[in-house]
Every structure is written in structure tokens, then in C-alpha cells.
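Visitor: Residues per chain, in single letters:
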Amino acid sequence: MSAAPAAIRTEGLTKRFGRTTALDGLDLEIAPGEVFGYLGPNGAGKSTTIALLLGLIRPTAGTASIFGADPWREATTAHRHVAYVPSEANLWPGLTAAETLRFLANVHGTVDEAYRDELLERFDLDPDKKVRALSHGNRQKVLLVAAFASRADLLLLDEPTTGLDPLKEQVFQACVAEAHEQGQTVLLSSHVLSQVEATCDRVAMLRAGRIIEIGHLDVLRGLVAVQVRAVLDGAVPDLAGVPGVGNVVVQGSTVDCEVSGSMQPLLAVLADAGVHHLTTREPSLEELFVRHYEEP
Amino acid sequence: MTTELAIARRAFRQLRVGAVVCAVAFGLTVASSATTYASSFPTPASRQQLAASVGGDVGFAVLFGPVDRIDTVGGYAAYKSFVFLTSIGAVWAALAATRVLRGEEDAGRWQLVLAGRTRAARATVATTAALGLAVAIVFAGTAVLTALAGRDPKVGLGVGGSLLYAASLAVAPAVFGAVGAVTSQLGRSRRVASALALGVVGASFVVRMVADAGPSTRWLLWATPFGWTERIRPFTEDDPRPLVVAALAVAALVAAAAVLAGRRDVGDGTFSSADAAPPRTAGLGSPFGLAVRLERASILGWFAGVAATGLILGSLSEITTHPAPASMSGMLDRFALQGAFLDQFLGISFLFLASLAALLAASQVGAAGEEEESGRLVHALGGTTGRTAWFAGRLALAAVAVVAASVLGGGATWVGARARGVPVGAGELLGAGLNVAPSALVALGVGALSLALAPAVAGRVVYALVAWSLIADVVGALVSGTGWLAQLSLFHHMALAPAQGVDPVTLVATLAVAGGLAAVATAAFARRDLDAG
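Here the protein sequences line up with chains A and B, keeping their order.
Everything in the first sequence is counted per this note's numbering, starting at 11 for the first residue and increasing by one.
Everything in the second sequence is counted per this note's numbering, starting at 2 for the first residue and increasing by one.
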């Protein structure tokens with residue numbers, strides 16, 4: 011038995027809404043201190059998972075725990091560990107940003123005030139503005155500041171940067187990194203794949219309520235072919251029979267292809283032809299994503 | 002033009018259920034009071050006797066409108082339904098207008114509409130046209146049901162009279178719907194817009210009561226939409242002139258709404274407060290504290306309305322100290338009141354105050370439901386406050402407000418009466434005020450159950466329940482065997498103190514029902530999925 015409970019553990023977690031199965035037997039274990047990327051197209055079950063982890067909705071089957079506490083039955087115990095940022099900041103329009111932050115800090119019970127003030131600066135948020143006068147992105151910042159300033163053990167972030175400009179996106183990624191250094195756990199559900207690539211150790215990919223891929227980013231990348239472009243000194247040799255090579259496109263003395271597995275057989279053939287220039291590109295998470303979800 | 006048609010169609014979809022419910026309720030109320038009257042007073046002699054016993058009494062005129070033409074089926078039916086149906090229609094239309102205009106804007110959907118090939122002013126007019134269609138449904142339903150009941154030779158209401166009568170009842174929803182369209186431009190949120198519109202409804206109601214208090218103030222009838230309905234006197238005098246005034250008022254109000262909509266920024270209001278403010282820490286310590294902070298203005302508004310109503314009814318009670326008519330019993334079939342005429346007047350006054358206390362409960366239920374529907378509740382419950390505690394806190398806040406409003410209503414009535422030298426005891430009226438609280442708490446209990454089952458419509462359920470309670474006994478008398486319908490009224494078991502004695506057992510039973518509903522609702526709320534917004 012492990013001594014410290016997992017930050018998040020789910021076993022067979024299932025949620026059905028009427029006939030629709032939003033989440034189908036999710037098994038997930040996220041260790042304390044991990045920054046975990048949670049990916050999937052719209053309607054894959056990402057927000058349902060987070061609603062279950064917050065105890066907002068009740069599982070149809072299976073169990074979930076947050077640092078050992080059942081989020082449905084022991085919601086207030088589980089909530090001690092959690093800060094939550096949804097994709098849409100629905101806040102009280104008549105309260106100012108500062109008042110909202112104070113309320114959320116009181117609700118959560120902990121706040122690092124110095125860090126909060128620093129975050130207000132970094133996110134460039136006017137605390138005296140009322141929520142109704144804030145833009146969508148600025149409302150989102152209120153919740154991000156509240157979540158990071160709470161120094162909660164677990165940050166549940168559900169597409170948290172919708173509406174944020176690229177500069178603030180960088181601030182966000184820096185904050186996730188700081189949370190990671192502090193030993194906080196982060197579950198980041200996102201469509202911004204560069205964001206996940208920049209911040210996450212492990213990712214899970216969800217489709218139709220099931221995990222179809224889970225693991226370290228590097229491992230997942232290995233599942234997909236590397237893009238190779240070579241400019242040769244002479245004519246392009248026939249690459250049809252070379253093991254692991256596919257999708258060959260030849261244009262003059264330039265060849266584009268994909269290589270899965272070992273690079274050696276391709277390099278051997280190309281070296282004989284004389285390589286003028288060679289570039290390889292790791293597949294981006296986006297390509298990985300498209301691969302997984304494009305197929306029917 | 003096709004864009005505007007689409008806007009109107011969409012708004013109408015939000016209004017049609019309420020419109021049909023209103024139409025059926027109006028029609029059934031009128032039809033049942035006419036039918037009941039025709040069978041209870043079959044001969045001209047019995048009708049003359051009834052009219053002579055109460056006719057011209059100013060106390061009843063203040064409460065229910067003029068009583069002098071109740072020697073005919075039509076006159077009686079119009080009198081009997083006047084106050085309740087016009088009030089229900091006014092409140093429905095005011096709330097419906099602010100819902101389809103300012104409510105849509107609050108939700109951000111109005112901005113989508115305005116992104117289409119239209120302008121704010123045109124879209125506003127298109128939406129009010131949908132409101133007009135909804136009012137037309139109320140008119141048509143009332144006219145058809147009245148005319149159908151009138152075909153019975155004993156009832157004998159003509160088609161022309163039925164049409165004019167239905168038109169007179171359409172005045173309040175049409176005008177107050179247009180008022181709601183204007184306040185939707187003024188207030189910066191749906192709650193402010195609704196509060197302003199309901200304030201206009203309340204003020205118009207009071208002006209009508211004052212107008213009916215004596216000949217010297219009779220001209221005031223022209224200053225209030227309720228007075229226009231009253232002045233039409235369908236089935237007896239058939240004066241259509243107030244319809245012209247009403248149509249002009251609607252046109253002017255819609256034009257004003259369109260102009261205001263065209264001039265202001267979307268999302269803003271003509272009355273606006275500052276966008277920035279130094280922080281105030283009051284009420285930020287807990288979700289309950291925040292609820293108190295956010296609801297304070299609304300609750301104080303209801304208190305002001307209750308206090309004003311109590312003061313006015315109390316001071317108007319002075320007119321009942323003049324000699325009372327000999328026999329009231331035949332007339333007062335609904336209320337079965339006994340005792341001095343002053344007590345009877347006050348008893349009915351407390352029915353009005355009970356309705357206000359129940360509407361306060363409806364407003365609190367609606368606010369709690371909106372907290373969840375808007376997605377804000379998730380943040381309030383994100384910490385160590387459990388959902389049971391949050392729910393119970395909201396109910397407790399509403400319950401305290403309801404009880405305070407009830408006592409306040411009694412106190413204000415006493416102050417109003419004493420100011421005019423009416424001999425009533427403070428304890429008696431405070432007790433009469435407290436007596437209405439349990440029934441209003443049952444409304445809160447029903448609201449709690451709706452919150453637990455269907456938060457999106459919880460507020461409207463309670464508003465509808467209050468409206469039903471005001472007409473239930475009339476409709477319940479329509480067909481023999483449907484008398485149980487009246488039992489579903491909030492106020493059926495409420496003694497109209499001080500005219501009726503308060504039965505402690507009934508009072509405790511009513512409180513038990515309210516408490517039971519609240520307990521079941523709290524348990525159900527803790528077990529269901531939350532709407533994460």
C-alpha cells in the first residue's frame with residue numbers, strides 16, 4: 011500500500027445522462043505533484059470528469075477520490091484540496107474583482123496574499139473594476155488569480171485560458187510551472203495543445219468518454235512517425251522498399267517522408283545518394299491529436 | 002424584416018406557455034364566476050337584494066373595484082375577477098417583458114441577436130410585438146371562454162360584451178408589458194428592470210384604490226391602467242374610450258423603449274452605477290454572507306412595497322368606520338367573513354399582504370435558482386460550505402424575510418389606520434400580519450421543492466402558485482366536483498384575521514407543511530446533480 015494517497019484516483023468512473031454515456035469507466039491515477047494534460051475533442055467527457063471530481067454531479071458507477079476523499083460523499087473535505095477554473099467565468103456582476111477574490115479566498119480557506127498581489131500585477135488586472143465591466147478574458151483572469159493564489163494542492167483547470175491574449179497565456183504557463191515547483195498537482199483540460207506540451211508531464215487522450223491513450227508525452231510522440239525532409243546531391247533513390255518509411259513525396263532532388271521506428275535503414279540509403287541537407291521534425295501534439303481523432 | 006420576424010418568433014417561444022396559462026386561467030375564472038352567480042342568484046329579485054345589500058359601498062370599492070352593478074351576471078363577473086385578474090396579468094406581463102428583453106441581454110443572447118441584420122431599436126420593437134401576440138392570446142382565450150359560458154341562457158353574455166370584457170382584461174398585461182420594455186432599457190440587470198416594472202404595477206394599483214375611495218378622487222381612474230379597465234365597465238356601461246387611452250399608452254411606451262434601446266450601449270442601462278469601486282468587505286466571508294449582501298436591496302424593496310401597501314390599506318380602512326350595510330354574507334361567498342365591517346376590510350387587506358409576502362418568497366426562490374443556472378453556485382460551493390448548508394441558508398434567509406415582511410405589513414397597516422383615527426389595536430394587527438406568514442412560507446416550501454427539482458423554472462412556479470391561489474376558489478366552483486381545486490390555494494386555510502379567528506391547529510399544520518416541503522427539498526437538492534452552468 012502506498013503511504014500518500016493519489017491526488018486523483020478514479021476507478022471505473024462512469025456518468026450517464028439519460029441514454030448518453032458521457033464518461034465510460036475512467037481509470038485514472040495522478041500522483042501528487044504531477045502536471046497532467048487532459049485532452050479530447052468537444053463532448054469527449056473532459057468537463058464531466060471535472061464535475062465528478064468536484065462532486066457537482068454524482069457518478070453512475072465507479073469511484074473517484076481526491077487525496078483520499080470521495081468528492082461526492084465528502085465534498086467539503088475534498089474541496090479543501092481543490093481550486094477550480096472553468097472555461098467560462100460566471101461571476102457576480104456587481105462585485106469588483108478584489109471583492110470576488112476575497113470571497114473566493116474565504117470560500118477556499120487559504121490564500122497567499124503576497125502571491126495574489128503579484129499575480130494581479132502579472133495578469134494586469136484592475137482589482138477595483140466590477141465584474142460586469144470586465145471582458146471575458148479579464149473575468150477569466152479573476153478565477154486564475156484566485157486559483158493560483160489559493161496554493162491549493164490540486165488545481166482543476168478546465169480550458170482555463172479561453173479569452174486570454176498570448177502574453178497572458180505565457181503568464182499562465184509560468185504560473186503552472188510555479189505551481190509545479192511548489193509541488194501542487196495540476197489537471198489541465200485544454201484544447202491549446204502547445205500549452206499542454208509546454209506544461210504537462212503526462213497526458214491522457216479521451217474519446218467518447220474513454221481514454222484512448224495515456225502516457226508521457228515523449229512516449230506518445232514515439233507512436234507517431236517522424237517527418238523527414240532531405241535535399242540530396244543527386245537523384246532520389248527508390249525508397250519504396252526501405253523498412254519504416256512511408257508517405258514518400260519526391261520533388262526534384264528533395265524528398266519528404268515519414269519514418270516510424272529506427273531511422274537507420276533510411277539514413278543508409280540516403281547516405282549513398284549523398285545528402286546535401288537533412289531536417290527531421292518531431293510530431294507536434296496537434297498532429298498526434300489529429301491522428302487520433304481524425305479516423306472514424 | 003425577416004430578421005425581425007425571426008426575433009419576434011424566438012421571443013414568442015419564450016412567452017407562449019405563460020400566455021396560454023393566463024388565457025385559460027382568465028377565461029375559466031370569468032366563466033366560473035358568471036356560472037356560479039347565475040345559479041346562486043337565479044331570479045332578478047335575489048340579484049336586486051344582493052346589490053342593495055352591498056351596492057355602492059366604498060370599502061369594497063377600494064379593495065375590489067366598484068360593487069354597484071352586481072345585479073347582473075356580467076356586472077358581477079367583471080367585479081369579481083377585476084382585482085385579481087388585472088393584478089395577475091400585470092405582474093405576468095411585466096416579468097415576461099423584462100425576461101425576454103433584459104434577461105436575454107443579461108445572458109448575452111441579445112448581443113447575438115443584434116449581430117444579425119437588425120438594430121437595437123428594431124429588435125426591441127420586434128420583441129414587444131411578440132409580447133403583443135402573447136397578450137392577444139390572453140385576449141382571445143378570455144373572449145372565447147367568456148362567450149362560451151355566456152351561451153348558457155341563464156348566464157346570457159353576448160359575444161360583443163365578451164369581446165369588450167376580454168379587451169378590458171388585456172389592458173393591464175399590454176400596458177405593463179410595455180412598461181417592462183421601458184424598464185428593461187433603464188435598469189442594468191433583469192432584477193433591476195423587473196423591480197422597476199413591479200414598482201410601477203404597485204403604484205398603479207395604489208392609485209386605483211385611492212381613485213375608488215371617493216367621488217373627489219374618482220378622476221384618478223384615468224391615471225392608472227387598472228382604472229382604465231375599471232372604467233370600461235363591460236356588460237353594463239360598455240365604455241370603450243379607455244381602450245383608446247390604453248392603446249396610446251402602449252404605443253408611447255413601446256416607442257420610448259425603442260428610442261432608449263437605440264441610444265444606449267448594449268449591456269448598459271440608462272440608470273447605471275460606477276464600473277469601479279473600492280472594495281467593501283461586508284458579506285464576503287461565506288456564501289450565506291454573500292447571499293445576504295446580494296439580496297439585501299431586493300428584500301428591502303419588497304419591505305418598502307409591503308410597508309406602503311399596509312400604510313395605504315390601513316389609512317383607507319377609515320372609510321369603513323361609516324355605517325356598514327346590513328348583510329354581507331351573500332356577497333362575501335369567498336371569504337365568509339364575520340364581525341365588524343372594519344375587520345372585514347382589514348381581513349381582505351391581509352390577503353393582499355399575504356400575496357405580497359408570497360411574491361417575496363417567489364423572488365428569493367428565483368434568485369437562488371439563477372445562482373445555480375448562471376454557473377456561479379459552483380464557485381460558492383467550491384470550498385468548505387456544503388450544498389445542504391447553502392440551500393438551507395438560502396431558505397432561512399427567505400423565511401426570515403417573509404416573516405419580517407408579514408409583521409411589517411401588520412405594523413404598517415396599524416400605523417396607517419391609527420393615523421386616520423381608526424380604532425384598532427397594534428397587537429391585533431401585528432398578530433394578523435404574523436398570521437399570513439405560514440401561508441407565504443408554504444409558497445417558499447413549494448419554491449424550495451422546485452429549486453431541488455427544476456431550478457430554471459423555480460421562481461416562475463411560485464409566481465404561478467400565488468396567481469393560482471388568488472383565483473383558485475373561483476375556478477374551483479366552476480364544475481361540481483372540482484371544489485378540491487380551491488384546496489390547492491395557498492390561502493385556502495389561512496384565516497383572514499382580524500375578521501376571522503385564527504385556529505392554532507391550522508396554523509401549526511400550515512407551518513408543518515412548509516417545514517416538511519423545505520426538508521424534503523433540502524434532501525433532494527443534496528442528492529441531485531448540480532447545473533455547472
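The set of hints was computed from the structure by calculation and includes no laboratory data.
Ideal Cβ placement from N, Cα and C applies to all residues, glycine included.
Treat the hints loosely; a few may be bogus.
Ranges between beta-carbon positions, derived for each pair [as the list claims (entries may be wrong)]:
id : chain 1 : residue 1 : chain 2 : residue 2 : range
1  : B       : Gly290    : A       : Glu188    : 51 to 59 Å
2  : A       : Ala184    : B       : Leu6      : 46 to 54 Å
3  : A       : Gly232    : B       : Arg17     : 53 to 61 Å
4  : B       : Val21     : A       : Tyr303    : 27 to 35 Å
5  : B       : Arg11     : A       : Ala218    : 47 to 55 Å
6  : A       : Gly193    : B       : Gly290    : 43 to 51 Å
7  : B       : Arg281    : A       : Gly193    : 33 to 41 Å
8  : A       : Gly78     : B       : Ala397    : 27 to 35 Å
9  : A       : Ala218    : B       : Arg110    : 28 to 36 Å
10 : B       : Val18     : A       : Ala218    : 31 to 39 Å
11 : A       : Ala124    : B       : Arg281    : 33 to 41 Å
12 : B       : Thr271    : A       : Glu131    : 45 to 53 Å
Away from chain A, derived, C-beta distances all over 10 Å, residues of chain B [to be verified]:
id : residue
13 : Leu149
14 : Ser190
15 : Val260
16 : Ala278
17 : Arg281
18 : Ala309
19 : Arg377
20 : Gly387
21 : Val408
Visitor: Given a hinted range of 27 to 35 Å, is it respected by the beta-carbon distance of valine 21 of chain B and tyrosine 303 of chain A?
Guide: Taking Cβ atoms as reference, valine 21 of chain B and tyrosine 303 of chain A lie about 46 Å apart, which means the hint is violated.
Visitor: Holds or violated: is the Cβ of valine 260 of chain B farther than 10 Å from all Cβ atoms of chain A?
Guide: holds, 24 Å
Visitor: Could you see if the CB distance from alanine 184 of chain A to leucine 6 of chain B stays within 46 to 54 Å?
Guide: Taking Cβ atoms as reference, alanine 184 of chain A and leucine 6 of chain B lie about 51 Å apart, which means the hint holds.
Visitor: Regarding alanine 124 of chain A and arginine 281 of chain B, is the given constraint of 33 to 41 Å on their beta-carbon distance met?
Guide: The hinted range 33 to 41 Å is violated for alanine 124 of chain A and arginine 281 of chain B, with Cβ atoms some 23 Å apart.
Visitor: Holds or violated: 31 to 39 Å for the Cβ distance of valine 18 of chain B and alanine 218 of chain A?
Guide: This hint holds: roughly 35 Å between Cβ atoms.
Visitor: Look at the Cβ atoms of arginine 281 of chain B and glycine 193 of chain A and judge whether their distance stays inside 33 to 41 Å.
Guide: Roughly 36 Å apart at Cβ, these two residues keep to the hinted range, so it holds.
Visitor: Are all C-beta atoms of chain A more than 10 Å from that of glycine 387 of chain B?
Guide: At about 5 Å from chain A, glycine 387 of chain B fails to clear the 10 Å cut-off, so the statement is violated.
Visitor: Once the closest CB in chain A is found, is it more than 10 Å from arginine 377 of chain B?
Guide: Label violated. Min Cβ-Cβ 5 Å, cutoff 10 Å.
Visitor: Honestly, do arginine 11 of chain B and alanine 218 of chain A meet the 47 to 55 Å range at C-beta?
Guide: violated, 32 Å
Visitor: The output says alanine 278 of chain B does not contact chain A. Does that hold with a beta carbon cutoff of 10 Å?
Guide: The claim is violated: alanine 278 of chain B sits with its nearest Cβ about 6 Å from chain A, within 10 Å.
Visitor: Is the gap between the beta carbons of glycine 193 of chain A and glycine 290 of chain B within 43 to 51 Å?
Guide: violated, 32 Å
Visitor: So is valine 408 of chain B really clear of chain A, every C-beta pair being over 10 Å apart?
Guide: holds, 29 Å
Violated hints, in rising order: 1, 4, 5, 6, 11, 12, 14, 16, 17, 19 and 20; the structure is consistent with all others.
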